[in-house]
Amino acid sequence: MEQNYYQKSIETMPAEEIKKLQSEKLVKQVKHVYENVEYYRNLMDEKGVKPEDIKGIEDLHKLPFLTKADLRDAYPYGLLAKPLEDCVRIQSTSGTTGRRVVAFYTQKDVDLWEDCCARAIMAAGGTKKDVCQVAYGYGLFTGGAGLHGGSHKVGCLTLPMSSGNTERQIQFMTDLSATILCCTPSYAAYIGETLKEQGYKPEDIPLKAGIFGAEPWTEEMRRGIEETLGIKAYDIYGLTETSGPGVAFECSEQTGMHVNEDHFYPEIINPDTGEVLPEGEKGELVFTALDKEAFPLLRYRTRDICVLSRKKCSCGRTLIKMAKPMGRTDDMLIIRGVNVFPSQIETVLLNEGYQPNYQIVVDRANNTDTFDVNVEMNPEQFTDKVSDVLAMEKSLAGAMKTMLGINPSVHLVAPKSIARSEGKAVRVIDKRKLV
Amino acid sequence: MAIKQLTVFVENKQGTMVSITEILSKNNINIRALSIAETQDFGILRLIVNDEEAAKTILADAGYLIKITNVVGVKIGDAPGKLCEALKVLDESNINLEYLYAFMARTEKHAYVVLRVEDNDAAENVLVNAGFHLITEADIRKL
Numbered sequence: 004m005e006q007n008y009y010q011k012s013i014e015t016m017p018a019e020e021i022k023k024l025q026s027e028k029l030v031k032q033v034k035h036v037y038e039n040v041e042y043y044r045n046l047m048d049e050k051g052v053k054p055e056d057i058k059g060i061e062d063l064h065k066l067p068f069l070t071k072a073d074l075r076d077a078y079p080y081g082l083l084a085k086p087l088e089d090c091v092r093i094q095s096t097s098g099t100t101g102r103r104v105v106a107f108y109t110q111k112d113v114d115l116w117e118d119c120c121a122r123a124i125m126a127a128g129g130t131k132k133d134v135c136q137v138a139y140g141y142g143l144f145t146g147g148a149g150l151h152g153g154s155h156k157v158g159c160l161t162l163p164m165s166s167g168n169t170e171r172q173i174q175f176m177t178d179l180s181a182t183i184l185c186c187t188p189s190y191a192a193y194i195g196e197t198l199k200e201q202g203y204k205p206e207d208i209p210l211k212a213g214i215f216g217a218e219p220w221t222e223e224m225r226r227g228i229e230e231t232l233g234i235k236a237y238d239i240y241g242l243t244e245t246s247g248p249g250v251a252f253e254c255s256e257q258t259g260m261h262v263n264e265d266h267f268y269p270e271i272i273n274p275d276t277g278e279v280l281p282e283g284e285k286g287e288l289v290f291t292a293l294d295k296e297a298f299p300l301l302r303y304r305t306r307d308i309c310v311l312s313r314k315k316c317s318c319g320r321t322l323i324k325m326a327k328p329m330g331r332t333d334d335m336l337i338i339r340g341v342n343v344f345p346s347q348i349e350t351v352l353l354n355e356g357y358q359p360n361y362q363i364v365v366d367r368a369n370n371t372d373t374f375d376v377n378v379e380m381n382p383e384q385f386t387d388k389v390s391d392v393l394a395m396e397k398s399l400a401g402a403m404k405t406m407l408g409i410n411p412s413v414h415l416v417a418p419k420s421i422a423r424s425e426g427k428a429v430r431v432i433d434k435r436k437l438v
Numbered sequence: 002m003a004i005k006q007l008t009v010f011v012e013n014k015q016g017t018m019v020s021i022t023e024i025l026s027k028n029n030i031n032i033r034a035l036s037i038a039e040t041q042d043f044g045i046l047r048l049i050v051n052d053e054e055a056a057k058t059i060l061a062d063a064g065y066l067i068k069i070t071n072v073v074g075v076k077i078g079d080a081p082g083k084l085c086e087a088l089k090v091l092d093e094s095n096i097n098l099e100y101l102y103a104f105m106a107r108t109e110k111h112a113y114v115v116l117r118v119e120d121n122d123a124a125e126n127v128l129v130n131a132g133f134h135l136i137t138e139a140d141i142r143k144l
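These protein sequences, in sequence, are chains E and B. Counting with the numbering used here, you get residues 4 to 438 for the letters of the first sequence. Counting with the numbering used here, you get residues 2 to 144 for the letters of the second sequence.
It should be emphasised that the hints constitute simulated quantities derived from the structure, not laboratory data. All the given hints hold, so there is nothing to weed out.
With a straight-line cut-off of 30 Å between C-alpha atoms, the simulated DSSO-like cross-links for lysine-lysine are: (1) Lys434/E with Lys285/E; (2) Lys14/B with Lys388/E; (3) Lys83/B with Lys388/E; (4) Lys397/E with Lys57/B.
Here the structure is a predicted model, which is why all the values come from computation and not from measurement.
All chains should be built: construct the whole structure from the sequences, respecting the hints.
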């Protein structure tokens, strides 16, 4: 396959040069953060690290980590490194552990994020001649905004569809001959199934490539989508905390995602000790934003478990590759593309007058996640009418939907029927086979 | 006047009914009438027994979620159309029925109907005014 690059000099830069570039950016960035972010300055002071101790990327390990808890503590402005008047955008997560992550962007931040997405689109074979259908959600979610911007940068004709309304997706896809589809893999699978039901054969579908991310998916699922839609399916990685999708992207080799390491420096650490692990070892992925201005997180712990590799890639890119994340260090679940923490369920139950005795069961049926929550019935609210119990289930599901952004099926069960073990209760049963 | 019904939350699991009836049997509780409303996940078991307080205690001790609900018991003739007559009385007074179940008496030529409505007193009044006999806790004990 002929290779297209959006920023060839960076994407194919020799390792030594990229290290130099990263070092220069890091030194400046640490100074910027230390001067402008009191929260991180305090963390550095506590650790006894000064900006002048950071002379290059080899000194990165001296800096303190940031975690999700820091983001919560510093909400909303505590990690902001630019005056609000210099910011032009926010994006936000679906509402995690009771408090959303709100990320701020200057115009430069938006540009570099969109550049990253443009690299991903071109690595998937995209050019200005393509018609790019963006079926990620638009709005606070980074999926729609990121790929939309990247598609513009490449010069594709952009179809800003947002997610949902599958009939309309299919109509625009076929009428306007969309060649690239960007959405979650489960939605891609769903669109594929719908097209199949309508009698479309893969060769009748104009698409040639898809860029799918924001939720875990398997190789098996990839092959399924590729066959149904007659395309090549590319993985993309990112998180709101670092900017959004495009932190890493797949190329034609489909053996891991190239990290845009000129902007986001990846480390793999031992999640228990914080020690940096050598290339090729499995551990927690940590990102440092090297040149973001408004929300520059240094050493942010993603809680994703993965492996980095700098093996030569047939696509010609020299950017380091990360494997598809193999798990999480915390109990976060990604269900239908949405981050779900068991603690959020607990919060809802306490708010609604239930004991926090529950069990989350996640499975996958027809390539879509199923999400069931078993909750122990509150004896006070129990009545002899089935309609009352069903109404209680519905009302709980509604409260959870408000908190999480996705709808669970709630099942009330008898008190004390959910197993309690001596140590940690089994709160989550994830039956999806993802790796 | 209302009679007392035991309401038990039961999960759709194999052996649940065996376990409940076994507990009642061991404690010499006699079931007079029974109905189950079920959904895919759970059921609500409704029981009329000879000693609801004792039954409540022993089932609660065994870990069951249980409640005592007041329901209306009415005696109707054991002949075609008699249930319909009673229900018409309620309907004409706009008394909405949540659920009902019926059982036969062993000796008398009567059937008994257990009615669950929003307002027990109103239902009892209209039934009595229409000439129906209500059944009482004392009647249940004698059955």
